[in-house]
Amino acid sequence: MADALLRVEDLHAGYEGQNVLKNISFEVPDGSLVTLLGPNGHGKTTMLRCISGLIKPTQGRIEFDGKRIDGMEAERIVARGVVMIPQGDMLFPEMSVYDNLRMGAYLKKANAAFERNVEEIYTLLPRLKERTSQLARTLSGGERRMLAIGRGLLAGGRILMLDEPSLGLAPIVIDQIYDIIRDLKSQGRTLLLVEENASRIIDLAEQIHLIDTGNIVWSGGGEELQSNPQVLETYLGG
Amino acid sequence: MKRRDYIIFAVLLGLAIAYPWINPPRYLLASVLLMFCYATVVSQWNLVFGLAGIFSLGQVAIFASGSYITAILGRYLEWSLWYTFPVAGVGGVFFSLLIGLACLRLRGIYVALLTLAVSQMMFILIQTDAMCSALNKKVNPATCVSFTGGAQGLGDFGSFGWRDVFGGRNWIIGDYYTMLVLLVIALIFTFIVTNSRIGLAFMALRDNEELARSRGISQFKYQLLVFAMSAFLTAVAGSFYAAHFGSVGTDLMGFALLLFLISMLVVGGIGRPWGPLLGAFLLMAADEVFKEASDWRNVGLGIVVLIFMVFLPEGLAGALDKLWNRGIQLVTGRLQSGGTRADGE
Amino acid sequence: MDFFVQIIVSGLTFGSMYALAAVGLALVWGAFNMLNMSHGIIMTLGAYFALLWAELLGWPLILAAPFSLVCGGLVGAIVYFLSAHWMIKQKNFEVTIIIATFGLGMAIESGLLKFLREMFRTAPYSQPLSLGAKSFLIFDVPVSYQRLVIWTAAFVLITIVGIFLRRTSVGRAIRATAQDRNAARLMGVPVRRVYVLVLAIASGLAAVSGIMLSSFKDVHPLMGGDPMLKAFIVIVLAGLGNITGALYAALLVGLVEASVKVLLADKYGFTAILILVILALIWKPSGIFGRATVARQ
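Protein chains in written order, with our numbering: chain A, 374 to 611; chain B, 680 to 1024; chain C, 26 to 322.
Rather than coming from a laboratory, the hints here were simulated on the basis of the structure. Note that the Cβ used here is the ideal one computed from N, Cα and C, for glycine as well. There's no promise every hint is true.
When the alpha-carbon atoms are kept at most 25 Å apart in a straight line, the in silico DSS-like pairs for lysine-lysine are as follows [what the hints assert, rightly or not]: (1) A:K482 x A:K440; (2) A:K429 x C:K114; (3) B:K970 x C:K139; (4) A:K429 x C:K116; (5) C:K116 x B:K1001; (6) A:K440 x A:K429; (7) A:K558 x A:K482; (8) C:K292 x C:K242; (9) C:K286 x C:K242; (10) B:K681 x B:K1001; (11) A:K440 x A:K481; (12) C:K242 x C:K139; (13) C:K159 x C:K242; (14) A:K502 x A:K440; (15) B:K1001 x C:K114; (16) A:K502 x A:K481; (17) B:K900 x C:K114; (18) A:K395 x A:K440.
Here are some chain B residues pointing at chain C (derived, C-beta under 8 Å) [said to hold, decoys possible]: (19) Y706; (20) A709; (21) L713; (22) M800; (23) L938; (24) V968; (25) S973; (26) L980.
Calculated Cβ distances over 12 Å to all of chain C for the following chain B residues [unchecked claim]: (27) F688; (28) W761; (29) A781; (30) G787; (31) Y789; (32) Q799; (33) T822; (34) G846; (35) L879; (36) D886; (37) R892; (38) M963; (39) D966; (40) I986.
Work out the full structure: start from the sequences and follow the hints.
As structure tokens, then:
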């Protein structure tokens, strides 16, 4: 796996001196979809916040495209091409949908391609086109998630990290969101997905890492996981 | 409070009591007694800010209100100043209740701005008070002085009266011990409040606000209580200040005094039990040492405040505490490991 | 009728000056929860920069205000790098930055006093940009051209700031930072540069506001303290961080102050607006224009 786009090695991280993540190592090869699977509160979100630079790891290294990015400021990591779609969307509530999308393309290169890319986003997420001038805080939960995804896509990153894209949504909307993720995968994008629910990603992910109390306890492909009910039961309660 | 603190307290008290007997120069005695006064104010401020978490910038206004109450009662009603002190204290409490009821329900940062505005309001109202007061015609018919004295300030209202007791030169020793008593009372009061139910309530609020609230601990109620209680001694310190100097003026509400007191709080360490004393001592000492450069005083104070907020927001007491604890850890760590390991790691 | 016009004219003038000072304060608070206590001395410096340009250097009067604006902005950036830059990660940043900038402001003010005492004089200078008492009549009330200039300048500057915030990419980044700092970082916004920029803009506006104030009351080293407190009252009244609200609140405070000054006496102006604000806050604790749930995490 020499061509790993993102490589995490022996990572420790946490808040206020307590390590939430212990000794995490994994890789995301170019063009693949990797999932961090596990129950809530076990450090998956911390992992993504670490990679995107919102918090600093206490130990270990993160490499992107062969260069170390751990310890860098979040704004510089994005510029390298690591884009996160955060949990809870983190939209700009007092800005219009359009302005939120413009913010997604804040970086110079992305900004130059904005006019063209936004049309692509509108075809992928037609609901956003209907709501361009609406304030983000007035959107429904599903629309918010779509806006967050659209905003993340416009940054033109080389890897897209999605933190629990199904969180807090109605089942139908979750299906829509996963259809979008499937589309993204088929476009050949590199994705790192954090998910709580194994059934959503089992047929989608090339590589699944099970995280439990801050450790990777199992790694393998989707089919392997399916044929391994013992793992499922132990760590995800069936 | 640990045993260490009691010992420090006893030693310092002994030194303070003994100090006048080594015959220090008068100006030094005057500085030290002024330090007692400031330390009293800052210790009460520390209760308000450090314990109760009220970011009040109005302590100077409460201090000034005590001064003015004493001055006015002494001048116009010709009260002995000793009767004015409790009145000033109660007046300060009422004043602080008024401010507190208006501000304390608001967010912390609003409290800072509004309490600062209150002292500015007091400043403007007194500074521009120029109406000749009929009461002053009685005191001195030839002049036109307004009720509050306006921009010129107010004098001629008496003193502690130690001149009659100790004689012409030694009255300052009387003032010295009076201020010392005030400071000791303030420190004991601070200690009692910190270790009372109120102190515990704030501890609970700080640790887990949700839980504390669900147990019926109302932040507003306790904050108002601390704010009002600490106002008593703050105002009394103000009236002692007036009694010592024999005059009051609008500089009591000015930014310069606020800066001086805030630097004591900050240098000492906000929320640290020994912070106010340490801060008051260091800044009065610095004032004495750099007397030659008094033109640069406020520049220096401003920079000191800035530097402390940037690098040492816990103040010197906080830093010393950390050092002390690390020292203890080092010592006990060595004892536990049999003193064989060379380093602490 | 005369009273009424007088109040409007004077209130709008106060309001314009407070608005310039308060919009900047609101912008800075919005971007990174900083209340800048050296705002007042920057207003004072603004007046002196104009004086320096026009009197000492004798350069064209018309450019004195832009010069002061730029210098004020520079001072704002310096204030940032002397204080907030090192403190932004402190747990109690909101509180410690107030104390720190109060100290810094006092240091600058005292330094300025000392400098003027040694080199020139501390007594007030008259503002060279003042147009004096030349006036025209509105309903028999004389209105000086000076006021007309102040209204126009304040209106133009605030409009420019508004357009900048709404229409430009940097302006959007500022608004984004105010609404969700971490989200903005995830978009690649260099938030620290946003902080400097915002403080510079606010300080530039404050400097211009200082020129305006001094055109009525002369240039004096201590002139900034009182209007700064009023600007703080304005943003508290509006709800901290609400920029449009600050604009309206500034006009409201200006009108109230003018009414009290015209109908009662000059010295009760501050008291009146303070009481007004306290009553308003008892009624609406997050400011009269503050939304109850401003989504900022």
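State the violated hints by number, sorted upward, taking the hints as numbered earlier in the document. Result: hints 14, 17, 19, 20, 21, 24, 25, 29, 30, 31, 32 and 40 break, sorted rising.
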